[in-house]
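J.: Chain by chain, the residues run as shown.
Protein chains: 2
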Amino acid sequence: MRCEVVAVGTELLLGQIVDTNSSWIGEQLALAGIDSLFQTKVGDNFGRIADTLRAALDRSDAVVVCGGLGPTQDDITRDVIASVMGVELVHDDDIEARIRYMFGSRARTMSVNNLRQAQVPLGATTIAQMPGTAPGLVCPMPEGPYEGKVIYAVPGVPSEMREMVAGTVIPDLKRRSGVTSVIKSRTLRTWGQSESGLAEMLEGEIERLDAEPSATIAFLASGIEGIKVRLTAKAATEAECDERLAAEEAIVRDIIGDIVFGVDDETMEHAVVALLAERGLTLAVAESVTGGLIGSRITNVPGASKVFRGGVVAYASEVKFEVLDVPEGPVVTEEAAMAMADGVRRRLGADVGLAVTGVAGPDPQEGLPPGTVFFGLALGDTLEARPVRMPGDRERIRTFSTIGLLDWLRRRLLALD
Amino acid sequence: MRCEVVAVGTELLLGQIVDTNSSWIGEQLALAGIDSLFQTKVGDNFGRIADTLRAALDRSDAVVVCGGLGPTQDDITRDVIASVMGVELVHDDDIEARIRYMFGSRARTMSVNNLRQAQVPLGATTIAQMPGTAPGLVCPMPEGPYEGKVIYAVPGVPSEMREMVAGTVIPDLKRRSGVTSVIKSRTLRTWGQSESGLAEMLEGEIERLDAEPSATIAFLASGIEGIKVRLTAKAATEAECDERLAAEEAIVRDIIGDIVFGVDDETMEHAVVALLAERGLTLAVAESVTGGLIGSRITNVPGASKVFRGGVVAYASEVKFEVLDVPEGPVVTEEAAMAMADGVRRRLGADVGLAVTGVAGPDPQEGLPPGTVFFGLALGDTLEARPVRMPGDRERIRTFSTIGLLDWLRRRLLALD
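Order-wise, the sequence lines are chains S and E.
Using this note's numbering, read the first sequence as starting at 1 and increasing by one per residue.
Using this note's numbering, read the second sequence as starting at 1001 and increasing by one per residue.
There's no promise every hint is true.
Chain E side only, calculated, beta carbon under 7 angstroms to chain S, not exhaustive [what the hints assert, rightly or not]:
#, residue
1, Gly1026
2, Thr1040
3, Leu1115
4, Gln1119
5, Ala1199
6, Thr1237
7, Thr1267
8, Arg1309
9, Tyr1315
Pulled from the structure, derived: some chain E residues nowhere near chain S, Cβ distances all over 10 angstroms [stated by the list, open to error]:
#, residue
10, Glu1212
11, Glu1238
12, Glu1266
13, Pro1369
Within a straight-line C-alpha distance of at most 20 angstroms, the following computed DMTMM-like cross-link-like pairs (lysine to aspartate or glutamate) qualify [unchecked claim]:
#, chain 1, residue 1, chain 2, residue 2
14, E, Lys1306, S, Glu366
15, E, Lys1228, S, Glu11
16, S, Lys306, E, Glu1318
17, E, Lys1306, E, Glu1278
18, S, Lys306, E, Asp1363
19, S, Lys306, E, Glu1366
20, E, Lys1306, S, Glu395
21, E, Lys1184, S, Glu395
22, S, Lys306, E, Glu1395
23, E, Lys1306, S, Asp363
24, E, Lys1234, S, Glu366
25, E, Lys1306, S, Glu322
26, S, Lys306, E, Glu1278
27, E, Lys1306, S, Glu318
In short, the hints are calculated from the structure, not lab data.
The C-beta atom is built at its ideal place from N, Cα and C for all residues, glycine as well.
Okay, chain S solo, but in the shape it has when bound (with noise of 0.2 angstroms):
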C-alpha cells in the first residue's frame, strides 16, 4: 500500500510557511507501514494541482491532500478533486448545518463564503472530526483509470490536519490495506566520528542485515551535533519492533562503543547532566572562547540545578587573572586552560571544573590562529589540559568546542565506573 502526500498552498512554495505537515503525515503513514515515496508541494493553481493529484494517484494507491480547503477563492482542493474523480461538486446540507453551529457556537457571522465549505463531490463522504469550519473529505476514485484507490483531503491548519489523520485517514488507510506491520525507529546519537567512518565500522553489521532483514541501519549527519545512527525495525507487532530495536542497538553499540552519548532526543548535555547526577558530582564551568554556551545548555536541562553551580564567563584576559586566579601571562594555553578548571572549580565550591580557553575568530590572539582552543580539566585529584584544533567559522568553532568539552567529561566520568 503506497500512499502520498500533497500539501497545497502557494505561501508554501514561497517559503513564507514552512510545510511541517507532509512531515508528520509521512510519519503516521510510516507508524502504520504504509509506504511514502513521494510528497509535493504545490501552489494553489487549479491546473497544477490536478497533475498532481493525477501523478500521484499513478504511482500509488492513495493520496492525502493537504490544504485549500478554506472558505476563500483560492481555496480550490474541492473543486480539483471533482474534476480528478469526474463528478459535480454538490451541497451537503449536513455540512452546512454543522459549519452554522460552527459559527453560532463561536458567537462569529458566518459568510456566504463559508457555504463553500459544504460543496463535497458526488461519492465522496466527509471526515467524522470537523474542529474547524473545513470539513475533511475522504473521495473514493470512481469507475475509471484510479478506480480503487482514493484521495483523503485534510485542512492545512495542523491542529485540524492531525486530528482527522489521526482520527480517519490512518485507520481507513490500514483497513482498507489490510496492513498489519508497524514500522518503528530509534536514534543512537554519536560524537567524535565522521559518518564515512561510521559506515565503515558498521559494514560488516549492515552486510549481515541486508541477508536477514531484521532491522535497517541509516545516517544522518545532525549538523554540529554529531551523526546519527537511525536503527529501523518493522515487524506485525509494536512489541516485536521494541524487541528487534533492542537487540540491534545492543549489537551496534557493542561495535561503536561509547561514541554513543544518547537516544532518539537525549543532547549531550542531558547525558552529561544524568552522569554527575548518578554520581553525586556537581559542576563549575570556566569559559572563554564559548562565552556562557556551555552553561545555557547544561541549564536547559531540566534538573540541572541538582548538578549545576553555575560558572564565570572569563572573555576579558583580567578576568581570567583576577577572578579565577590563572597566573598573568598567555591565557591560550594548556596551563591557562587547567589553572581556570581548578580555579573556577575552587571559586564556586564545585566536584568538578570544567574550562576552555581559545580563539573563535575572525582574528587571531596571541599569534595563534583561530580553532585553536584549550580545554581544561579539574575532576577529583586529576588536572589535566588538552589541545583541539576546531574547523570552521566562529559559531561552529563554538559550537564544536561545547559538545567536545563536554563529551570529554562524559567519557572521564563513564571511566570512573
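Fit chain E to the known structure of chain S by using the hints.
T.: Relative to the frame of chain S, chain E by itself:
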C-alpha cells in the same frame, strides 16, 4: 524562468527531519523573481529520484536538488544526475585535494568512502563555495530532450546549502533567465509589539502602498525573536530597489519608532554590542535563570571582546552570595537582581552591569511560579530593577529573558544620547 526544488532523503518522507531547505530555497527563488511551481520530497532510491528529476525537467527550466551528496552508499544524487544527463561519473582531482585538505585541517582521518564525493558527472562543474566535504554541482543538460536546462546539486546540511545557493545557484539562475527586474527585501526586526499591534500602527501606510505600489509590507512572526516587518520593492535596477527600500524604511521607522532593533540579520545582541562600542562602555553580565545564554549570544557577535568583559553564571544561590556579594536571603527579587548587576560590574571591572534572576521551571522556586523574572541594571550612577512575567516553557522563558533584558539595555543606551 521556472525552477523546481527536489529534496532527497528517506528521513524526510518518514518525518524524522522537517524539510526546511525547500522553503528557504523557495524564498530565495521568489526574491530573485524566479517561479517555483513544484517542490518534491523523494527517498534515497535511484529510480524514483531519476523519475522526479525528469518530471521536474519536463515542467521547468532548472532544478535545485538538495541532499544525497554525502559519502555513504545511500548518497546517490551524483549517480542519478549522471544517468539523467546520460554521462559517466569522472573523478575530480581538485575536489579530492579539497576534501583531503578539509580532513587534514580537522585532524580527522579521511575514509575511502569520502572519495566518492570527488566523483562528478562528465560536463558538470563544481560550486566554488564548499564549507563542508560535500561539493555542490552545476550540471548543464547535454544535447537531448533537456538541452539548455540545468540541475544544481547542493548538500542537505542547511549551512552548506545556503552558502552554495546564495553564492552560486541564484546568481547563475538570474544570468540564465536574463531576469532584468530586480526584487529586493529589507527586514526590520522589532521587539515589544504583537503582529496585530504592528498591523494597526502601519494600517494607513499599507493602504497608501496599495494605492501607489512603490513597495510592499509584510509581517513575519519569527518565533521568540520578535516580529519582522519585511519591506519588498521590485524595480528595473538594484539601485532603484535600494532607493525605494530606503525611502520606505524611513517612513516605517517614523511610524513604529525604536521598537526596531535591527535590520535583516542584525540580532538584538548585535545592536547592543554596537551601541556599547559607540559609547565606549564595557559590559559584565550576571546570569541565573539564563545560565550563560546572554553571554553566549553577546560573544557570538564578532568584535564583542571590545565591550564584553565577561560574566558570572550564578545558578546556585551560594554563588550569588559568595561571588557577587548578594545579601543572603531570597534570590528571586528586585533587590537580588540589582545586587547581582552591581556585584558583577564591580567584580569584573566593567562600566555596565546586567543581571537576570528568576524561575525557569518546571518547578516553582521561593514560592514563585515559573516565568517570574527580575532584570537588574547598573549603569553610571543608576541601579535599577524591573519585574517581568514571561510566558511559556523553560526554553521560552530563558530566551524571552535574554532578549528582553538586552532590549532594556538597548533602550537605556539610546536614552543616553
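J.: Now tell me, hint by hint, if it's right for this structure.
T.: Right, here's what the structure says about each hint:
1. Gly1026: Interface hint status for glycine 1026 of chain E: holds (4 angstroms vs cutoff 7 angstroms).
2. Thr1040: holds, 5 angstroms
3. Leu1115: This interface hint is violated because 9 angstroms lies over the 7 angstroms limit.
4. Gln1119: Violated, because the Cβ-Cβ distance from glutamine 1119 of chain E to chain S comes to roughly 14 angstroms (cut-off 7 angstroms).
5. Ala1199: violated, 16 angstroms
6. Thr1237: violated, 23 angstroms
7. Thr1267: violated, 12 angstroms
8. Arg1309: With a closest approach of 5 angstroms, the arginine 1309 of chain E hint holds.
9. Tyr1315: holds, 4 angstroms
10. Glu1212: holds, 24 angstroms
11. Glu1238: holds, 21 angstroms
12. Glu1266: holds, 16 angstroms
13. Pro1369: holds, 16 angstroms
14. E:Lys1306 <-> S:Glu366: Judged against 20 angstroms, a Cα distance of about 16 angstroms means the pair holds.
15. E:Lys1228 <-> S:Glu11: holds, 17 angstroms
16. S:Lys306 <-> E:Glu1318: holds, 13 angstroms
17. E:Lys1306 <-> E:Glu1278: OK: lysine 1306 of chain E and glutamate 1278 of chain E at ~11 angstroms, within 20 angstroms.
18. S:Lys306 <-> E:Asp1363: holds, 13 angstroms
19. S:Lys306 <-> E:Glu1366: holds, 16 angstroms
20. E:Lys1306 <-> S:Glu395: holds, 18 angstroms
21. E:Lys1184 <-> S:Glu395: violated, 27 angstroms
22. S:Lys306 <-> E:Glu1395: Distance ~18 angstroms between lysine 306 of chain S and glutamate 1395 of chain E Cα, so the pair holds.
23. E:Lys1306 <-> S:Asp363: With a Cα-Cα distance of about 13 angstroms, the restraint between lysine 1306 of chain E and aspartate 363 of chain S holds, given a limit of 20 angstroms.
24. E:Lys1234 <-> S:Glu366: Distance of about 48 angstroms is beyond 20 angstroms: violated.
25. E:Lys1306 <-> S:Glu322: holds, 18 angstroms
26. S:Lys306 <-> E:Glu1278: Distance ~41 angstroms between lysine 306 of chain S and glutamate 1278 of chain E Cα, so the pair is violated.
27. E:Lys1306 <-> S:Glu318: Holds. Lysine 1306 of chain E to glutamate 318 of chain S sits at ~13 angstroms (cutoff 20 angstroms).
When each numbered hint is compared with the structure, violations occur for hints 3, 4, 5, 6, 7, 21, 24, 26.
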